[in-house]
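**Student:** All chains, full assembly: derive it from the sequences and hints.
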Amino acid sequence: MTQKDFLLDPTLYGLPSKDELISYRIWDGHYHGFYATSTPIKQHDAMLHYVDRMGLERIVSVDIGGTLAQPLTPMAHDPAQLEILTKYQDRVLGIIPIDPGFPEESIKKMDQWIKNGPCIGIKYVGGNKLGVTCNEPQNDAIIEHAKKLKAVIYIHTWIKVGGEPRRPGGANLPGESAPWHVVELAKRFPDIQIICGHAGGDWELAVRTVRSQENVMFEFSGADPHSGSVDLAVKEVGIDRIVWGGHGPSRSFSTEFSKVLDADLTPRERMKIFGENYRKLCKPIFDLKGWQLKI
Amino acid sequence: MKKINRRAFCTTALGTALVSQVVTLNATPASANLQPEAPSIIDTNVSLGQWPFRHLKYEGAVRLGAKLKKHRIKQAWAGHYDALFHKNIDAVNEALVEECNRFDNGFFLPFGTVNLAWPDWEETLKRCHENLKMKGIRIFPSYQTFDLTHPDFPRFLQEIQKRKMILQIAGDMEDSRNHHPIVIPRDFSFAPLLDFAPKFPDAKIHLVYWNHRINGKTLDDLMANTRVKLDTTRVETAGGVEALLEGNAKQRDRVFMFGGMERTVTDIPWSRNAKPVPQDRLTFGSHAPFFPVEANLLKLFESDLDIDQTRSIMETNAQNLLTT
Numbered sequence: 109m110t111q112k113d114f115l116l117d118p119t120l121y122g123l124p125s126k127d128e129l130i131s132y133r134i135w136d137g138h139y140h141g142f143y144a145t146s147t148p149i150k151q152h153d154a155m156l157h158y159v160d161r162m163g164l165e166r167i168v169s170v171d172i173g174g175t176l177a178q179p180l181t182p183m184a185h186d187p188a189q190l191e192i193l194t195k196y197q198d199r200v201l202g203i204i205p206i207d208p209g210f211p212e213e214s215i216k217k218m219d220q221w222i223k224n225g226p227c228i229g230i231k232y233v234g235g236n237k238l239g240v241t242c243n244e245p246q247n248d249a250i251i252e253h254a255k256k257l258k259a260v261i262y263i264h265t266w267i268k269v270g271g272e273p274r275r276p277g278g279a280n281l282p283g284e285s286a287p288w289h290v291v292e293l294a295k296r297f298p299d300i301q302i303i304c305g306h307a308g309g310d311w312e313l314a315v316r317t318v319r320s321q322e323n324v325m326f327e328f329s330g331a332d333p334h335s336g337s338v339d340l341a342v343k344e345v346g347i348d349r350i351v352w353g354g355h356g357p358s359r360s361f362s363t364e365f366s367k368v369l370d371a372d373l374t375p376r377e378r379m380k381i382f383g384e385n386y387r388k389l390c391k392p393i394f395d396l397k398g399w400q401l402k403i
Numbered sequence: 011m012k013k014i015n016r017r018a019f020c021t022t023a024l025g026t027a028l029v030s031q032v033v034t035l036n037a038t039p040a041s042a043n044l045q046p047e048a049p050s051i052i053d054t055n056v057s058l059g060q061w062p063f064r065h066l067k068y069e070g071a072v073r074l075g076a077k078l079k080k081h082r083i084k085q086a087w088a089g090h091y092d093a094l095f096h097k098n099i100d101a102v103n104e105a106l107v108e109e110c111n112r113f114d115n116g117f118f119l120p121f122g123t124v125n126l127a128w129p130d131w132e133e134t135l136k137r138c139h140e141n142l143k144m145k146g147i148r149i150f151p152s153y154q155t156f157d158l159t160h161p162d163f164p165r166f167l168q169e170i171q172k173r174k175m176i177l178q179i180a181g182d183m184e185d186s187r188n189h190h191p192i193v194i195p196r197d198f199s200f201a202p203l204l205d206f207a208p209k210f211p212d213a214k215i216h217l218v219y220w221n222h223r224i225n226g227k228t229l230d231d232l233m234a235n236t237r238v239k240l241d242t243t244r245v246e247t248a249g250g251v252e253a254l255l256e257g258n259a260k261q262r263d264r265v266f267m268f269g270g271m272e273r274t275v276t277d278i279p280w281s282r283n284a285k286p287v288p289q290d291r292l293t294f295g296s297h298a299p300f301f302p303v304e305a306n307l308l309k310l311f312e313s314d315l316d317i318d319q320t321r322s323i324m325e326t327n328a329q330n331l332l333t334t
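Protein chains in written order, with the numbering used here: chain A, 109 to 403; chain B, 11 to 334.
Incorrect hints may appear among the rest.
Which residues of chain A face chain B? A few of them, derived with a C-beta cut under 10 Å, are [said to hold, decoys possible]:
1. Leu116
2. Arg161
3. Ala331
4. Gly354
5. Ser358
6. Phe361
7. Glu364
8. Pro375
Some chain A residues near chain B, calculated using beta-carbon distances under 7 Å [unchecked claim]:
9. Pro118
10. Ser335
11. Ser366
Straight-line alpha carbon distances no greater than 25 Å define the calculated SDA-like cross-link-like pairs of lysine to any residue that follow [what the hints assert, rightly or not]:
12. B:Lys227 <-> A:Ala144
13. B:Lys84 <-> A:Asp372
14. B:Lys79 <-> A:Leu115
15. B:Lys80 <-> A:Thr119
16. B:Lys84 <-> A:Leu120
17. B:Lys80 <-> A:Pro124
18. A:Lys343 <-> B:His65
19. B:Lys80 <-> B:Trp61
No wet-lab data here; the hints were simulated from the structure. Don't be surprised by glycine CBs; every beta carbon is placed ideally from N, CA and C.
**Tutor:** Shown next as structure tokens:
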């Protein structure tokens, strides 16, 4: 791939060239290509065009097995996902949604897809049937098992303003975790790293919440791009605790790239956020599976 | 310039022997190897002043102007954050002009505001046009506590039309889930424009950060029945700009390589508008300094646009709004 991939030269617009994007070795830790009710495989196929066009090295699907609404229910598209993860492992990785309301079933799914399958981690989704947030005790069995499997742990978090009285987090859905729930969980497991997803939706409050809990990683995908947000996160949690996600197709890669490009970072620092930090996070499970990984 | 269908290009120009080789959609055809002249950009949605809830990295005309210029932006249409809450908006409009003049004379075009919910908006509009020589007005109904069914709205449109000004209507300023808890911007819809805009066909109406206030059906109807224009500020989804321009019935085949396999995709399943938005309806809007200017710039590269579409969005459509 060369500069010719775009009609105009992006550098004339103060943007990175395609070659520069590729040089960052971008890993999308929040790929929603399969997140579609009736046509997940078709949507994934369409998304790959943009994955390729924008120079991503690898994508990590967060929708493997079942659906976000029914994470523990096998779906017709599961075999096709399994085939894609197996055949295209050098480009497509997967983590599985679990449901903390059902720890035993979640662990069973982890064994199926991670221990005995191609997946590398678990995802807590934005709400669940029984309204169990990630801080509650029944999560411990899931996290212990993830620790044993060396799995990546991604937790959707948001701080939705609302409720009575109106307050940050007051409009969160039942079971939708906030950053303070992640911190509570992370304190019980200080030797594992946990990703606080979406920067809590409200990065200014979220970064204050997680900054002192050093085993909490921070990820910005899925929210509007706010100038200055990554600068603050780097200042408060440090460059090594930030990972990147694309959240496509509901978000454009442009939106998610811009959060990093807006920040005052060196190319080396951009590279850490765009992929290196995530690669370090999943190196243990790669080693366990006997897969090669260049950090 | 018409888009080159890459399959047709391969068949006719390269001969069938090469067709079996995969031609990625990303690869520019040989005939287009010469870089077309890179257009400059008119940014139709920036703001000056201080965002009420935090200081922004590129706050103010001097810092923002320098930043925008680095990105080949030659002109920016600027509103003022004080327009959201201040009652003395005449003073806000005057301050906006002063702030615009602090940077590279003429780079920022001031778009003052009026508030239909408050007394004597007519005089404010008159001052904006006649005294401050503004080309346009930007209103913020969700903050200014009126909606487009306000009884004065038709008369306001009539005045806008008479004065040949541009009316920008901001749908949102930020994600409603992020608002400060004490702030509850009001809900409103752009749907009333379906009734009012055709009655004032020469009123230049431009929607910015509009996406949360328009569903797919209303968007289709607005494009079919009015001359309303849109900005790119909150056009989301992968390849969102081309999905918007080409609608859900995308005809072009996409052939590309992934993981050693040739793949073909014929549509964008996540596109929500059924009908294409004509390319002369979309302008570049960054929403800077709240959003990084890079977000909307990159969208024009992420989407596979031809040079005509690119130039229209970057420059021509905004220019036409100003001059026609």
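**Student:** Look at each hint and say if it fits the structure.
**Tutor:** Verification of the hints:
{"no.": "1", "hint": "Leu116", "verdict": "5 Å, holds"}
{"no.": "2", "hint": "Arg161", "verdict": "5 Å, holds"}
{"no.": "3", "hint": "Ala331", "verdict": "7 Å, holds"}
{"no.": "4", "hint": "Gly354", "verdict": "8 Å, holds"}
{"no.": "5", "hint": "Ser358", "verdict": "6 Å, holds"}
{"no.": "6", "hint": "Phe361", "verdict": "6 Å, holds"}
{"no.": "7", "hint": "Glu364", "verdict": "9 Å, holds"}
{"no.": "8", "hint": "Pro375", "verdict": "15 Å, violated"}
{"no.": "9", "hint": "Pro118", "verdict": "6 Å, holds"}
{"no.": "10", "hint": "Ser335", "verdict": "5 Å, holds"}
{"no.": "11", "hint": "Ser366", "verdict": "4 Å, holds"}
{"no.": "12", "hint": "B:Lys227 <-> A:Ala144", "verdict": "21 Å, holds"}
{"no.": "13", "hint": "B:Lys84 <-> A:Asp372", "verdict": "23 Å, holds"}
{"no.": "14", "hint": "B:Lys79 <-> A:Leu115", "verdict": "21 Å, holds"}
{"no.": "15", "hint": "B:Lys80 <-> A:Thr119", "verdict": "10 Å, holds"}
{"no.": "16", "hint": "B:Lys84 <-> A:Leu120", "verdict": "13 Å, holds"}
{"no.": "17", "hint": "B:Lys80 <-> A:Pro124", "verdict": "13 Å, holds"}
{"no.": "18", "hint": "A:Lys343 <-> B:His65", "verdict": "16 Å, holds"}
{"no.": "19", "hint": "B:Lys80 <-> B:Trp61", "verdict": "22 Å, holds"}
When each numbered hint is compared with the structure, a violation occurs for hint 8 only.
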